[in-house]
Amino acid sequence: MIAASSGERNRARARDEVAGRMLAAAIEGGIDTAPNRDELGWEVLRIELGDLVRAYLWHRQQMA
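Positions 1 to 64 (the working numbering) are the ones given, in order, by the sequence shown.
The reader is advised that the hints may include incorrect statements.
Unchecked claim - Distance ranges between label pairs, derived from CB positions: (1) D51 with S6: 13 to 23 Å; (2) Y56 with E8: 14 to 24 Å; (3) D51 with S5: 32 to 42 Å; (4) M63 with A25: 17 to 27 Å; (5) S6 with G50: 31 to 41 Å; (6) A55 with A14: 13 to 23 Å; (7) R11 with L57: 31 to 41 Å.
Treat the hints as calculated values from the structure; they're not laboratory data. Because the structure is a prediction, the values reported are computed rather than measured. Using N, Cα and C, we set each Cβ at its ideal position, and we do this for glycine too.
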């Protein structure tokens with residue numbers, strides 16, 4: 001395994017923090033604005049959160 005420089009670790013940490021804040025904001029916004037939330041309840045929320053997590057993981061893979 002190749003050791004990462006402190007600069008690389010700091011950039012990775014900053015990227016993780018930004019991605020985490022973006023994900024948290026999207027989740028919060030998705031919960032508040034989910035279409036048909038009252039009619040479908042948690043099922044809509046579960047699908048939206050799953051989509052957000054998949055998008056986040058894809059983004060992380062692309063940034064690696």
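Each hint tested on the structure:
For D51 and S6, the hinted distance range of 13 to 23 Å is not satisfied, since their beta carbons lie about 35 Å from each other. With their beta carbons about 21 Å apart, Y56 and E8 fall inside the hinted range of 14 to 24 Å. Between D51 and S5 the Cβ separation comes to about 35 Å, which falls inside the hinted range of 32 to 42 Å. Restraint check, M63 to A25: a C-beta distance of roughly 18 Å satisfies the suggested window 17 to 27 Å.
The hint said 31 to 41 Å for the Cβ distance between S6 and G50, and at roughly 35 Å that hint holds. A hinted range of 13 to 23 Å for the beta carbons of A55 and A14 is consistent with their spacing of about 20 Å. A C-beta distance of roughly 19 Å is found between R11 and L57, which places it outside the suggested range of 31 to 41 Å.
In summary, the numbered hints that this structure violates are 1, 7.
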